[in-house]
Each structure stands twice: as structure tokens, then as C-alpha cells.
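S.K.: Following the hints, put chain S in place on chain X, whose structure we already have.
2 protein chains.
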Amino acid sequence: MHTLKFTAESISNGMVERDFTVGDVPGVLWSPASGATDRAPLVLMGHGGGNHKKHPAMSGRARLLVAGCGFHVAVIDAPGHGDRPRTAHDEEEIAALFRAREAGEPEGAIVVRYNSHLAELAVPEWRTVLDALQELPEIGADGPVGYYGINMGTAIGVPLMAVEPRITAAVLGQHWPDVLAEKAKQITVPIEFDMQWDDEHIPRESALALFDAFASKEKTLHANSGKHKELPRFEADSAVRFFARHLGRSVAAPA
Amino acid sequence: MHTLKFTAESISNGMVERDFTVGDVPGVLWSPASGATDRAPLVLMGHGGGNHKKHPAMSGRARLLVAGCGFHVAVIDAPGHGDRPRTAHDEEEIAALFRAREAGEPEGAIVVRYNSHLAELAVPEWRTVLDALQELPEIGADGPVGYYGINMGTAIGVPLMAVEPRITAAVLGQHWPDVLAEKAKQITVPIEFDMQWDDEHIPRESALALFDAFASKEKTLHANSGKHKELPRFEADSAVRFFARHLGRSVAAPA
Numbered sequence: 019m020h021t022l023k024f025t026a027e028s029i030s031n032g033m034v035e036r037d038f039t040v041g042d043v044p045g046v047l048w049s050p051a052s053g054a055t056d057r058a059p060l061v062l063m064g065h066g067g068g069n070h071k072k073h074p075a076m077s078g079r080a081r082l083l084v085a086g087c088g089f090h091v092a093v094i095d096a097p098g099h100g101d102r103p104r105t106a107h108d109e110e111e112i113a114a115l116f117r118a119r120e121a122g123e124p125e126g127a128i129v130v131r132y133n134s135h136l137a138e139l140a141v142p143e144w145r146t147v148l149d150a151l152q153e154l155p156e157i158g159a160d161g162p163v164g165y166y167g168i169n170m171g172t173a174i175g176v177p178l179m180a181v182e183p184r185i186t187a188a189v190l191g192q193h194w195p196d197v198l199a200e201k202a203k204q205i206t207v208p209i210e211f212d213m214q215w216d217d218e219h220i221p222r223e224s225a226l227a228l229f230d231a232f233a234s235k236e237k238t239l240h241a242n243s244g245k246h247k248e249l250p251r252f253e254a255d256s257a258v259r260f261f262a263r264h265l266g267r268s269v270a271a272p273a
Numbered sequence: 019m020h021t022l023k024f025t026a027e028s029i030s031n032g033m034v035e036r037d038f039t040v041g042d043v044p045g046v047l048w049s050p051a052s053g054a055t056d057r058a059p060l061v062l063m064g065h066g067g068g069n070h071k072k073h074p075a076m077s078g079r080a081r082l083l084v085a086g087c088g089f090h091v092a093v094i095d096a097p098g099h100g101d102r103p104r105t106a107h108d109e110e111e112i113a114a115l116f117r118a119r120e121a122g123e124p125e126g127a128i129v130v131r132y133n134s135h136l137a138e139l140a141v142p143e144w145r146t147v148l149d150a151l152q153e154l155p156e157i158g159a160d161g162p163v164g165y166y167g168i169n170m171g172t173a174i175g176v177p178l179m180a181v182e183p184r185i186t187a188a189v190l191g192q193h194w195p196d197v198l199a200e201k202a203k204q205i206t207v208p209i210e211f212d213m214q215w216d217d218e219h220i221p222r223e224s225a226l227a228l229f230d231a232f233a234s235k236e237k238t239l240h241a242n243s244g245k246h247k248e249l250p251r252f253e254a255d256s257a258v259r260f261f262a263r264h265l266g267r268s269v270a271a272p273a
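Quick note, the sequences are listed as chains X and S, same order. Under the working numbering, the first residue of the first sequence carries the number 19, and numbering increases by one thereafter. Under the working numbering, the first residue of the second sequence carries the number 19, and numbering increases by one thereafter.
Hints were generated in silico from the structure; no laboratory data involved. None of these values were measured; they are calculated from a predicted model.
For identical chains, the list gives no copy identity; a pair is met inside one copy or between any two copies.
Below 16 Å or equal to it, Euclidean Cα-Cα: the simulated EDC-like pairs (lysine to aspartate or glutamate) are: (1) K247 to E218; (2) K247 to E236; (3) K23 to E156; (4) K201 to E138; (5) K245 to D216; (6) K235 to D216; (7) K23 to D37; (8) K235 to E248; (9) K245 to D230; (10) K203 to D230; (11) K245 to E218; (12) K247 to D217.
If we strip away everything but chain X, and leave its shape as in the complex, we get (with noise of 0.2 Å):
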């Protein structure tokens, strides 16, 4: 078993900033200022493919989590991101993507196959990095645990779920339904899936279909107009009352 070790602890936007190791992954826990160690609902993140754990995009979810509800938020690194050493097949893989998008070719096949190989070794990473977070007493074995991720967060966050019954609601979208849809069958807890009407990556019926594909007796739909990467940032204001709703908590005025 491995256990969790505080390497860093910072105070900013009202937030305590806890880096951490679970064995060889590294991840970061954000929780209120005024309650770092009150027990509260914790939501894990997956950042997006070539970001990592600390990205603005996390950072700034984790703050309207904490801030709104009162959660705890943990994010790690995925394989070859982040802290994390690149392997001489995650070079090929990005390589191959760099060309693919010079050659103003199609990347979609390119990202499906390289996520799906991370999302292999990053299941088990966060099911041991949970069970971790779960010893800390701030969070416990029992309270409730939401999952969001968006591209590649999606990517991961689909296998995570299907196998690992302690996640009870999620955010997830804006990627193919290759590989995924198979393991969203399996899945029957609330979801609220973001897309972009205009994708210009994902095809509209590739975006709806993996939709479709969640077993989930209470699902949403989150279509917007724009591209791939104009996902307005009132969704992340939706993430926020979706987990208070699903998890328990109310969600305060807005600053």
C-alpha cells in the first residue's frame, strides 16, 4: 500500500495548496483556507492532454470548487505530463500529433490511441492515489467522491469510472467515442457532459454518441456554440452547482 506524503503547503486565492506523492505519482490537494482539515466532499480532476496537475484551467476549477462549496480538489499528473518523465513511446505519440496537426490532418485517430494507452496506466494510479487521499482524515473512506475532467480528463476519468464504484458523479466531455463508449455503458451515476456544437476535432455525431452511450438514469447534455477549445467559462460555474447538487453541499454566493 502505498501512503500519501505532503512535499509543499502554500496559502493563495483563499485556497491551502497541498503538493503530494502517492509512490511515484505526483498531485496537488486544494481545500479552504478556513478548513483545510474539515472533513468535506472530495472532486478529483484529469488535466487535459499536454497540460498538467497545476494548470490554470485546474487552478481555476479547483477555486470555484472550493471557494463555492467547500470541496477538496485533487489533481495528478498523468504519465509523461506534468512532473513526469516521458517515455521514448509518449515522444513518438506527440511527435506523431505535431505532424498530424502541421499536415492540418486529422488528429482524432492519433489522440483516441495515445489517451486510451494513458488512461491504462493511469486508472490504477488513481485508484491507489484515492484510497490514499481517503486515509487523510479530512476526507475519510466513506464521504462522497466526484470525478471531473474534460479531452483527456474524459479520456481517463471514463475507465476510472467504470471500474471504481466510490465515484458518484461526474463532469466529463469534449472527447471521441471510440474506446469509451463501451466503458460509459457501464456507468449509472449522474453525469453532465460538455461538447461544442462547432468541434472541429470531434464530430458532432461522435460527441453525441459517446452522450448517449452513459447508462446514467439522470444525464445532461452540455452543447455549446464555438470550437474545440471555446468552451465558455460559465460551464465550469455549472461543474460547480452539478457537484453541490450530486454531492451534498449548497454553493455560496458568488464573490
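M.R.: Below, chain S without anything else, positioned relative to chain X:
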């Protein structure tokens, strides 16, 4: 020109409720109890087929808009609905709809046809009522105006907005694209559009086609699992936030 005449006034649930008429059209104007005569944005609401201006779906949404943002909210009875007389044509169409329902036949063609007829009557009525409402000092001729109507409220709202530039944001949804899609192509203001993913009356592809038709640069589709009548309550909260963003108000903390 028709002027607005107030015919009754009461206070409940923190709202002033003022009944009014504009010519033959009866309506209701809900305003904050603590500032019924304060200038604030106006939201017009269209009720559903078979309902009326004070149906609980209307008063409930009004309460969220008034308490949450201090908006004024106006609803009028559609032709043949609420306090308005039914014509022989209304009776025939309603009988045709009930026959189809009892026989388990699709009702879409009848609803589309009848709603289109009602919209032809209702659009000029709404424009006259809006003229009259804008004579009130608490609304004014230059204040922001939104429109919120699902089902028949969308059948009337889409042709209204196609000719009415004063409406600058709308929450719509749950209707067939026949008749409406061509009008939706003329609409460019921000739209939030609700559909039910498992709607037993409106085929999924039809709902997606109507959303797709809007020319709006900013548009958001909210698709929820469930049947036609199972639109989740939280979509009304989302509508309040949509109007707060687009009509220039912030949302108060939930009571």
C-alpha cells in the same frame, strides 16, 4: 395604440402580482415586492399549450427571476387559453389532439399545426403588449428584454423574435423544427435551448435540428435524460443565470 390597464394587485412570495389587460389580452406582471416601481430588465414568458399565464410553471419561474435578479416578468394568456375564449377552430384542434393521444398516435403534426396558427395571432399581440409595458416607468423603452418559453412558448417565441429586435436573449426549447427552423435562422441573439433526450413526442434529431437552426453566435443546448414532461427543475435555475448574464444583473444567493 392600446394602453396597459392594471385590474388587480396582490403580494405573495415576495412578489407584487399585477393583473393587466392590453386591449382584449389579459396578462400578469410580477415584480419585486421591495421595488415594484424600480427600473429593471423585463422577461416575457410564454406558457405551454393547455396552460395559462398563472400556471404554477409560470409563477414558479417568475419567482426565481424576480427573487434572483429583481427582474419584472410578464406573461399573457395565449389565444384560446386561460381567461380568453375558445373559437370553434380551437375546439376542433384540441379534440383532434385528444383523439390522437387516446389512439396512441403521434401528436406532433397536430401540435405543430395548431401552435403555428396560435403564433400567427399571438405575435402581434405580444408586440402590442411589449409597447404598452415599455410605457411603464419601471420598464421603459430602452431597457433590456428577454423571452422565456418552452413548448408552445417556443412556437410563439421563435416567430416573435424573428421580427422583434427588442428581445435580446431567450430561453427556448422542446419543439419540432417544422415551421420554426426557417424563423430560427433569422435569430442571432444568445439562446439557451432545452430538450429532453428521451422525448416520446419530439424525435431527438428534430430537437437537435431546431437548435442547430438558430443563427446565434452564442447558443447553448441543454439536453437532459428523461421524457417530455421530465424537464428538470434545475433548468429554471439555469435560465435565471442565463438572463442575469445577458440582461445585465447578478444573481442573489439562493434563499
